[in-house]
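K.L.:
Guided by the hints, dock chain B with the ligand onto chain A, whose structure is given.
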Amino acid sequence: MIAVKAFDAIVIGGGGAGLRAALALGDAGKKIAVISKVFPTRSHTVAAQGGINAALGNVQHDDDWRYHFYDTVLGSDFLGDQDAIEYMCKEAPRTIIELEHMGLPFSRDENGKIYQRAFGGQSRFFGKEPVKRTCAAADRTGHALLHTLYQQNVAKRTQFFNEWFVLDLVKNQHGAVVGVSAIDIVSGELCYFMARQTVLATGGAGRIYHSSTNAYICTGDGLAMAWRAGICLQDMEMWQFHPTGLYGSGILISEGTRGEGGRLLNSQGDYYMTKYSSMADLACRDIVARSSMEEIIHGRGCGPKKDHVLLDIRELSEETIAQKLPGITEISKIYAGIDPKQDPIPVVPTVHYLMGGIPTTPYGEVINHKNGKDEIVPGLFAAGECACVSVHGANRLGANSLLDIVVFGRAVGQRIQEVDNASQVQEASRTDIEAAFSAYYEMEERTEGDAFVSFREPMQRLMQDDFGVYREEEKMQKGLGSLQELRQNFHKSAYYKDKSSVFNTSRIEAFEMRNLLDVAVSTAQSALTRKESRGAHSRVDYPKRDDQNWLCHSIVHYDGGFEKRMVNNSPKEVEPVALKERH
Amino acid sequence: MQINIQRFDPDKDENPYMKTYTVDTSAFHGVMLLDALEYIKTALDDSLAIRRSCGGGVCGSDGMNVNGKNGLACQTLLKELPEKVTIYPMPGMPVIRDLVVDMSQFYQHYDSVEPYLQSDTSDLEAEQLQSEEDRAKLDGLYECIMCGCCTSACPSSWWNPDKFVGPQGLLTAARFVLDSRDDKRDERLENLSDKYRLYRCRGIFNCTNVCPKGLNPTAAIAELRVQQSEGYNEL
Ligand SMILES: Cc1cc2nc3c(=O)[nH]c(=O)nc-3n(C[C@H](O)[C@H](O)[C@H](O)COP(=O)(O)OP(=O)(O)OC[C@H]3O[C@@H](n4cnc5c(N)ncnc54)[C@H](O)[C@@H]3O)c2cc1C
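Taken in sequence, the protein lines are chains A and B.
With the first letter of the first sequence counted as 1, position 408 gets the number 408 in UniProt numbering; the numbers rise by one all the way through.
With the first letter of the second sequence counted as 1, position 201 gets the number 201 in UniProt numbering; the numbers rise by one all the way through.
One or more hints might be untrue.
[What the hints assert, rightly or not] What follows is a list of derived Cβ distance ranges for each label pair: (1) A:Asn569 x B:Lys79: 51 to 61 Å; (2) B:Asp134 x A:Glu315: 22 to 32 Å; (3) B:Gly231 x A:Gln414: 41 to 51 Å; (4) A:Lys333 x B:Lys195: 38 to 48 Å; (5) A:Ala6 x B:Gln118: 27 to 37 Å; (6) B:Glu80 x A:Thr320: 26 to 36 Å; (7) B:Asp183 x A:Lys275: 48 to 58 Å; (8) A:Lys156 x B:Glu187: 10 to 20 Å; (9) B:Pro10 x A:Lys156: 25 to 35 Å; (10) B:Pro10 x A:Gly449: 20 to 30 Å; (11) A:Ile338 x B:Ala43: 29 to 39 Å; (12) A:Gly299 x B:Asp13: 49 to 59 Å.
[Said to hold, decoys possible] Computed cross-link-like contacts, BS3-like style, restricted to lysine-lysine with a CA-CA straight-line distance of at most 27 Å: (13) B:Lys84 x A:Lys333; (14) A:Lys499 x B:Lys12; (15) A:Lys497 x B:Lys12; (16) A:Lys341 x B:Lys213; (17) B:Lys163 x A:Lys156.
[To be verified] Residues of chain B placed beyond 10 Å of chain A at every Cβ, according to the derived structure: (18) Lys19; (19) Asp24; (20) Thr25; (21) Gly68; (22) Lys84; (23) Pro91; (24) Glu187; (25) Glu190; (26) Ile204; (27) Gln228.
For the record, the hints were derived by calculation from the structure and aren't laboratory data.
No residue lacks a Cβ here, since even glycine has one placed at the ideal position from N, Cα and C.
So that you can see chain B by itself, here it is in the shape it has in the complex:
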């Protein structure tokens, strides 16, 4: 199998370049692309930089662009890849080195939606009740692993990286707007009411197509818009 990887070390390289590794997939244990990358790092080229942690699709470290599509290396089966694989860092984010990108802005957008439960309940001794139906509204929202695959695949995020919150941040906003225990719905909707933060989404489903957890940020964004149109008390 031939794996082409975009390489870049800011201390050495003026520009990114492609490097080709010929990998014998029987030479190592494991069936995922991450296993092949680990093999490259240990056996062929120790200078390759990637992020990885759990290796099981829950920590969200190893997002990358594989043959034109964002995904997690630890969840990409080698046998489903063609003989020739081309890997770039996730687009739309500054490259730190090789496949490692700078996600600061992505995290800032996350922080900007106040991603924490805000409840006015004063009884802290007892659990807050939540019906099974209300809890079910969080399914498809809370499971996000913050890998960045969605935001990095979104043209609206590329054009307005500073102003558009992006699919990940908006999915998180929806997770709290829809939580029956949260008392800041109006403030949350107001926080997304300008022309950019929510409304730059063009509904093209790029985010949904790449989400490795099978979540649907586009639907979450649509839900936020419905909530917006249903009205809220302006502050």
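Pulled out of the complex, with its shape left as it was, chain A reads as follows:
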């Protein structure tokens, strides 16, 4: 028996994007529900450390959102949409002040203003001077932000369905999304959540890789759901490798560490970043990650296997470490067994963030790009890491994601207020609803085959080996083939033994695995097709950026189809940033 619960709008995800959208929808008086597979404060936003960008000018008074705009476009290697970037950067200062009023415990400077630190790729006067633009709550900004947004939802009495897992989108015969199929993790009960508007805010998918800074739960569920429902995905080859994942566990060591003065070191004792970029350790992440890989490839890596580098903060003052980087100290002690005041921290470029995702307008409406045309998908919105607005293009600037999730989470809520019409009945037939549960029934009934977990390791290895920092045709071709085969086999034979109803984590992980495989295949398809190097996508066989042929988004369809989509170059108030080389 499938229960039905009806709402005006549902938000899938209780991370920063989902919670901010929920507040905006609540303000609009909509009957809404937030559905999350974990209790909201356990969402991965909680792990963000370094901060959130806004040209508040608390440190350098002449900072301006237009500089932030310029940095973000340049950082994106021109793959970001300039209208959306303009909107985000212009909204940033107001957004931070709004968060401050919500209670976010930002660190403060000596004037009692919000503390701002340096971060990668940030400048003043269009690239001329470094700037301190990243607003921070010590090195726990994500935690402070997520808890604050959750607290505001407690105040507003938002209705939550926590520990519910969404399986698939429900689409009706007119192509509109009319809710989702879901399972209550605690009881095993199935439910069709019926809604005129559905917001996907399901976060990232770093777990397609073997080593990642992402939580176990970052399994790309929303991306896969949309893709399976016939909606395209955009720029899926654009995976950011963070230069400083802790060697071994992959836990993140924030870029804020370098923002406060930390430097990368090789086995010969050289602070090598000065050699690679005029911004040295605060160059963009794609550049720093490649530089570290170069050091490792050329035998200057550290440790017995020479397979990582070191992050040195020994020269920072005790006070800076204690007040601005307490979390880093704690992580180093617990997870690497070292005290960073005494010893440098072992780090290695590690998968961190997906720039691509479900394409949307700057208001969060989901776009399906088919046969060269953009179509808005009725009833579906996306925000946060699962969405691709695109403000990050081919390389995200550190501390722009927390900004993205809050700005566009809010924008989605506001857009729904404008377009939602209660009299617009969105019917779903029995068949429509059943279609969204069919994979569930199929897996539930399968009692033998291959254990679903047996697909994890091979997928993660393939992604790590063939779609890493450096990529090349032949390996990717083979990798894609293997991934497709893996996915096919999964659909044919994957099963879970445990069929119990109460808190059956095995069942949930099996459906996460199904999603991971879809995301992995989409990444592989895009990466193989883009024959150039841009931002995070570096091909040894096509080492140059090719604006002639590839200054465009890559669009992949579930049936394997590929299309190019125009990048927006028309900000409203400022001149577009003209193409140039990045260093």
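P.N.:
For chain B with the ligand alone, coordinates are given in the frame of chain A:
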């Protein structure tokens, strides 16, 4: 290494029972207890239920009772554990299945302290200023990850689970009472003024001893009492 885990599936089992897993720690990658539990789930017994998310000690999902002490599995080093490890779900909370407990009451207590900033400021265009000293008062309070280790270790919470707010909720109350931007100090203190909500704490530091973030709820509770005794306008 021998890991004994209390198992219970309400659909199958009348009573909880212990199950022993022999784990070769060289068979998997990772150095934390959570890595061993993940290994058990993937290689030995897929029916074991646990909660986990970030794996890095910030999401607060994997609180459990390990050899008699509450803590996070993702922060418990295997090499610091003895050969024999016994794991129970966090005490004082109803078990849903295996190591997964029902935290509804814990969240209700959290909600009951109105855990959100309430400021009368009308100027919403500018940031509210807060001195570095005032901001420092929130250190040790705002970092709570709501794992429940403290409340679950507190006898006062066991005896009066419905009436005593518990260390987590009180730590949160202190976080807002001490925030220079908040204008509801009196209301917040009044909200804790009955015999139970705040005053059931016996100051035995169980909460502080188990907090995986090194926070000190007992001190926060003491601070609330000081504020109470300094007086506030009754409403
Ligand atoms: C370690 C780390 C540090 C970072 N530091 C920074 C930083 O300093 N600054 C910055 O700007 N960015 C940072 N980032 C990036 C940033 O934190 C994330 O991109 C961002 O928080 C994502 O937010 P979100 O709301 O989109 O998703 P998430 O916070 O991941 O939330 C996703 C939500 O969706 C729910 N969900 C997913 N699938 C389902 C399903 N099938 N059914 C039901 N619910 C589902 C989950 O339960 C969760 O509530 C960091 C990222 C990492 C990994």
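K.L.:
All hints, please: hold or fail.
P.N.:
Hint check:
For the hinted restraint 51 to 61 Å between Asn569 of chain A and Lys79 of chain B, the CB-CB distance of approximately 55 Å keeps it satisfied. At about 30 Å, the beta-carbon gap between Asp134 of chain B and Glu315 of chain A stays in the expected band of 22 to 32 Å. Against the hinted window of 41 to 51 Å, the Cβ-Cβ separation of Gly231 of chain B and Gln414 of chain A comes to about 44 Å, which satisfies the hint. Take Lys333 of chain A and Lys195 of chain B: their Cβ atoms lie about 41 Å apart, and the range 38 to 48 Å holds.
With their beta carbons about 33 Å apart, Ala6 of chain A and Gln118 of chain B fall inside the hinted range of 27 to 37 Å. One distance hint, 26 to 36 Å for the beta-carbon pair Glu80 of chain B and Thr320 of chain A, holds here, with the actual separation near 30 Å. The given range of 48 to 58 Å is respected by Asp183 of chain B and Lys275 of chain A, whose C-beta atoms sit roughly 54 Å from each other. As the Cβ distance of Lys156 of chain A to Glu187 of chain B is approximately 18 Å, the hint placing it in 10 to 20 Å holds.
A C-beta distance of roughly 34 Å is found between Pro10 of chain B and Lys156 of chain A, which places it inside the suggested range of 25 to 35 Å. At roughly 28 Å, the beta carbons of Pro10 of chain B and Gly449 of chain A sit within the given window of 20 to 30 Å. Roughly 30 Å separates the CB atoms of Ile338 of chain A and Ala43 of chain B, a value that falls within the hinted 29 to 39 Å. Between Gly299 of chain A and Asp13 of chain B the CB atoms are about 57 Å apart, so this pair conforms to the stated range of 49 to 59 Å.
Restraint check: the Cα-Cα separation between Lys84 of chain B and Lys333 of chain A comes to about 25 Å, which is no more than 27 Å; the hinted pair holds. With a C-alpha separation of about 12 Å, the suggested pair Lys499 of chain A and Lys12 of chain B falls inside the 27 Å cut-off, and the hint holds. Note on Lys497 of chain A and Lys12 of chain B: the hinted pairing holds, with a Cα-Cα distance of about 15 Å set against a maximum of 27 Å. Between Lys341 of chain A and Lys213 of chain B, the direct Cα distance comes to roughly 20 Å. Compliance with the 27 Å bound is thereby established for this hinted pair.
For the proposed pair Lys163 of chain B and Lys156 of chain A, the alpha carbon gap of about 24 Å is at most 27 Å, so the pair holds. At the 10 Å boundary, the C-beta of Lys19 of chain B stays outside the reach of chain A, the nearest C-beta of that chain being 14 Å off. The beta carbon of Asp24 of chain B sits about 17 Å from the closest Cβ of chain A, which is more than 10 Å, so the claim that it is off the interface holds. The claim that Thr25 of chain B lies off the interface holds: its Cβ sits roughly 15 Å from the closest Cβ of chain A, which is beyond the 10 Å cut-off.
Every Cβ of chain A is farther than 10 Å from the Cβ of Gly68 of chain B; the closest lies at roughly 21 Å, confirming the non-interface assignment. Every CB of chain A lies more than 10 Å from the CB of Lys84 of chain B, the least distance being 23 Å, so the non-interface label holds. Annotated as non-interface, Pro91 of chain B keeps its C-beta farther than 10 Å from every C-beta of chain A; the closest such distance is 18 Å. With 10 Å as the threshold on Cβ separation, the claim that Glu187 of chain B sits away from chain A holds: the shortest Cβ distance comes to roughly 14 Å.
No Cβ of chain A comes within 10 Å of the Cβ of Glu190 of chain B; the nearest lies about 18 Å off, and the non-interface call holds. With a closest Cβ-Cβ approach of about 26 Å to chain A, Ile204 of chain B is found to remain outside the 10 Å limit, as its non-interface label requires. Here Gln228 of chain B stays apart from chain A, with its beta-carbon at least about 23 Å from theirs, past the 10 Å limit.
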